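Participant: If you want the building blocks of each chain, they are given just below.
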Amino acid sequence: MIMSNELIEKVINSLSEEKSELFVQEQDAPTLIEKKYVEVYNGDAFSNQEINTYLAENFCDVIVLGGLPYNGKSTLISCIYDKFLQDGEFQQYEFVNTKTIIGFEKRSYLARLSAGQQPNTKRTFRTDNPFLNLTLKQSKTNSIKRLILVDTSGEVFDDFKKNSSTIDNFKAISRANHFSYIFDISLIQDLKQKHSAKSSLKTIFRGIEDLKMFPPNIKIELIFTKWDKISDEYKSEADNYIKSILEELKLIITKIPITAYKISSISDLQKFELPELFEYWLQSDTVHDYDKIITKENINWINDYIKYLDHE
Amino acid sequence: MLGFPSTGKTTYIAALWQYLKDSNNQNFRLNVMPEYRDYLESNSEYWISCENVPRTTPENSEKITLSIEINQSEVFDVTIPDVAGESYKQIFLQRRIEENLYSEFSSANGLLVFISSETEDILSHNRHNNIDNTSTNNLTNSPSFEVEKTPTILKLIDLIQIIKSINNNDISLSIIISAWDVIEEKTIPEVWIKTNKPFIYNFIKNNFKKYRFFGVSAQGGDYATNKDELLKENNPINRIKVGYESSISNDITLPLQYLIQ
Numbered sequence: 000m001i002m003s004n005e006l007i008e009k010v011i012n013s014l015s016e017e018k019s020e021l022f023v024q025e026q027d028a029p030t031l032i033e034k035k036y037v038e039v040y041n042g043d044a045f046s047n048q049e050i051n052t053y054l055a056e057n058f059c060d061v062i063v064l065g066g067l068p069y070n071g072k073s074t075l076i077s078c079i080y081d082k083f084l085q086d087g088e089f090q091q092y093e094f095v096n097t098k099t100i101i102g103f104e105k106r107s108y109l110a111r112l113s114a115g116q117q118p119n120t121k122r123t124f125r126t127d128n129p130f131l132n133l134t135l136k137q138s139k140t141n142s143i144k145r146l147i148l149v150d151t152s153g154e155v156f157d158d159f160k161k162n163s164s165t166i167d168n169f170k171a172i173s174r175a176n177h178f179s180y181i182f183d184i185s186l187i188q189d190l191k192q193k194h195s196a197k198s199s200l201k202t203i204f205r206g207i208e209d210l211k212m213f214p215p216n217i218k219i220e221l222i223f224t225k226w227d228k229i230s231d232e233y234k235s236e237a238d239n240y241i242k243s244i245l246e247e248l249k250l251i252i253t254k255i256p257i258t259a260y261k262i263s264s265i266s267d268l269q270k271f272e273l274p275e276l277f278e279y280w281l282q283s284d285t286v287h288d289y290d291k292i293i294t295k296e297n298i299n300w301i302n303d304y305i306k307y308l309d310h311e
Numbered sequence: 000m001l002g003f004p005s006t007g008k009t010t011y012i013a014a015l016w017q018y019l020k021d022s023n024n025q026n027f028r029l030n031v032m033p034e035y036r037d038y039l040e041s042n043s044e045y046w047i048s049c050e051n052v053p054r055t056t057p058e059n060s061e062k063i064t065l066s067i068e069i070n071q072s073e074v075f076d077v078t079i080p081d082v083a084g085e086s087y088k089q090i091f092l093q094r095r096i097e098e099n100l101y102s103e104f105s106s107a108n109g110l111l112v113f114i115s116s117e118t119e120d121i122l123s124h125n126r127h128n129n130i131d132n133t134s135t136n137n138l139t140n141s142p143s144f145e146v147e148k149t150p151t152i153l154k155l156i157d158l159i160q161i162i163k164s165i166n167n168n169d170i171s172l173s174i175i176i177s178a179w180d181v182i183e184e185k186t187i188p189e190v191w192i193k194t195n196k197p198f199i200y201n202f203i204k205n206n207f208k209k210y211r212f213f214g215v216s217a218q219g220g221d222y223a224t225n226k227d228e229l230l231k232e233n234n235p236i237n238r239i240k241v242g243y244e245s246s247i248s249n250d251i252t253l254p255l256q257y258l259i260q
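From first to last, the protein sequence lines stand for chains R and S. So for the first sequence, numbering that gives the first Met the number 0 puts the first residue at 0; every next one is plus one. So for the second sequence, numbering that gives the first Met the number 0 puts the first residue at 0; every next one is plus one.
Looking at chain R on its own, in the form it has when it is part of the complex (with noise of 0.2 Å):
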């Protein structure tokens, strides 16, 4: 049978590309051949599905991302992937592999457009996959780490703070060894903000806690972002308000230890409380305590004023 090349094409266009992949083989008598493909991992972020078989398979530490939108959660992802893919080591710790690369390059791409401008990473959304995986080693001791990085949607916890029904939007916090909410302290020097923002944490913190989704071993940490868009007028309000948020916070969680970090928008690392925030990630232990936390050599004023409400 001989087929004219209009006639191939026509064949070959009017097939599903995702079912099978076409070519004439010989020049006088074509031969229609159907390549078979075998599917390998996305490399994108974890699904449900995928993130609770890698679970089953592997002893992870997970740490749960919270915040409302455009607070800087995906931009706090890039920071640290950024630095592995710069130096292949961040911390002492060095880059052993990922199978989520393809879910960090699309959190990444739009941070690194505007370095020393204001980060725009795109935010995530409802229906984008949150389970982002890094397994690292201990540069010093060989000991492996694998990370689960939950970048779930600011969307998803403003739906809570209105509705706790929504908590099976973000149930991977049942599993978490760490919860770290992200607060866009810049908006403090708005007042309006300033207020509705502090409101809105007590609520999603009050709305977890009701529902005892906190599992007994979590720590908690609020990530203060966008420091540096901190004027300096505003400097000493922002360290007043962050201590009035961890006074608080103290009334509504009352047995897990939080430790607060100030960070940058910006991808400098050594700026800020980013390397001691990752380390903390990082830290073995599991279980409260509060010795170990405060005295931490690098100790910032935050810590000490929990030490300070601890031993009240």
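These are calculated hints, taken from the structure and not from any lab test. As the structure is a prediction and not an experimental result, all values here were calculated from the model. For glycine and all other residues, C-beta sits at the position ideal for the given N, C-alpha and C. Take the hints with a grain of salt, since some may be wrong.
In silico EDC-like cross-links for lysine to aspartate or glutamate, where the CA-CA straight-line distance does not exceed 20 Å [as the list claims (entries may be wrong)]:
1) Lys34(R) x Glu61(S)
2) Lys193(S) x Asp81(R)
3) Lys88(S) x Glu88(R)
4) Lys148(S) x Glu117(S)
5) Lys204(S) x Glu88(R)
6) Lys34(R) x Glu85(S)
7) Lys34(R) x Glu117(S)
Examples of chain R residues lying across from chain S (beta carbon under 10 Å, computed) [to be verified]:
8) Phe83
9) Val95
10) Ser163
11) Asn168
Use these hints to put chain S onto chain R, whose structure you have.
Facilitator: Same frame as chain R, now just chain S:
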């Protein structure tokens, strides 16, 4: 052979073929010539004349099998699929592998991994071409993520990881840094990659038991600027430069020898 377009895979094969025919290397020599050698010979013609070897496309990919005598005793059949870099790009994008290639990956004993000696700005702010750099916070105008613009080195890591996950052997790696002639002569390949591409260096170090780094210039220099000099060499295989640890030779079989050991 694993590598993206323009990392020197086909040129490596062309130079390897010429080396196997012309050298007196007794450690790794051609036992018998393959019966069908059109692909090898035609590429080698380009190479000898200091012409760019035509790049492999998905349509003209070849599987080369060479009968090799090692250390004047054992004879091995070394099979090297010359897969187009374009095909590897498609695996990364489509997340699926053509069945025959999948079978090659699962039974492979070693990988020749080609990495460009050009440094890639993996944190580049501009790698998504259609980005409007004048905007600072215009989320509505932000371009959508384009997975094909993922940096090559990350695609390569992902592919090595895919192959490792389907390979049935304890696969070993010879990592070839191509265009080694542009790197300062006394540089040690492993040190170069540790310094210039630390992300993939740590990935390899922490995921494989057996690996070695080589710097290879299969051309011997840039054809655009050094063609006349290169053609003056009496024996074309003396153009080849292979760096391993602190030594430089023309023994382009070293990366293969390591995989067969």
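Participant: Each hint should be assessed against the structure and marked as holding or not.
Facilitator: Results for each hint:
no.	hint	result
1	Lys34(R) x Glu61(S)	holds (17 Å)
2	Lys193(S) x Asp81(R)	holds (17 Å)
3	Lys88(S) x Glu88(R)	violated (27 Å)
4	Lys148(S) x Glu117(S)	holds (17 Å)
5	Lys204(S) x Glu88(R)	holds (13 Å)
6	Lys34(R) x Glu85(S)	holds (17 Å)
7	Lys34(R) x Glu117(S)	violated (35 Å)
8	Phe83	holds (6 Å)
9	Val95	holds (4 Å)
10	Ser163	violated (29 Å)
11	Asn168	violated (23 Å)
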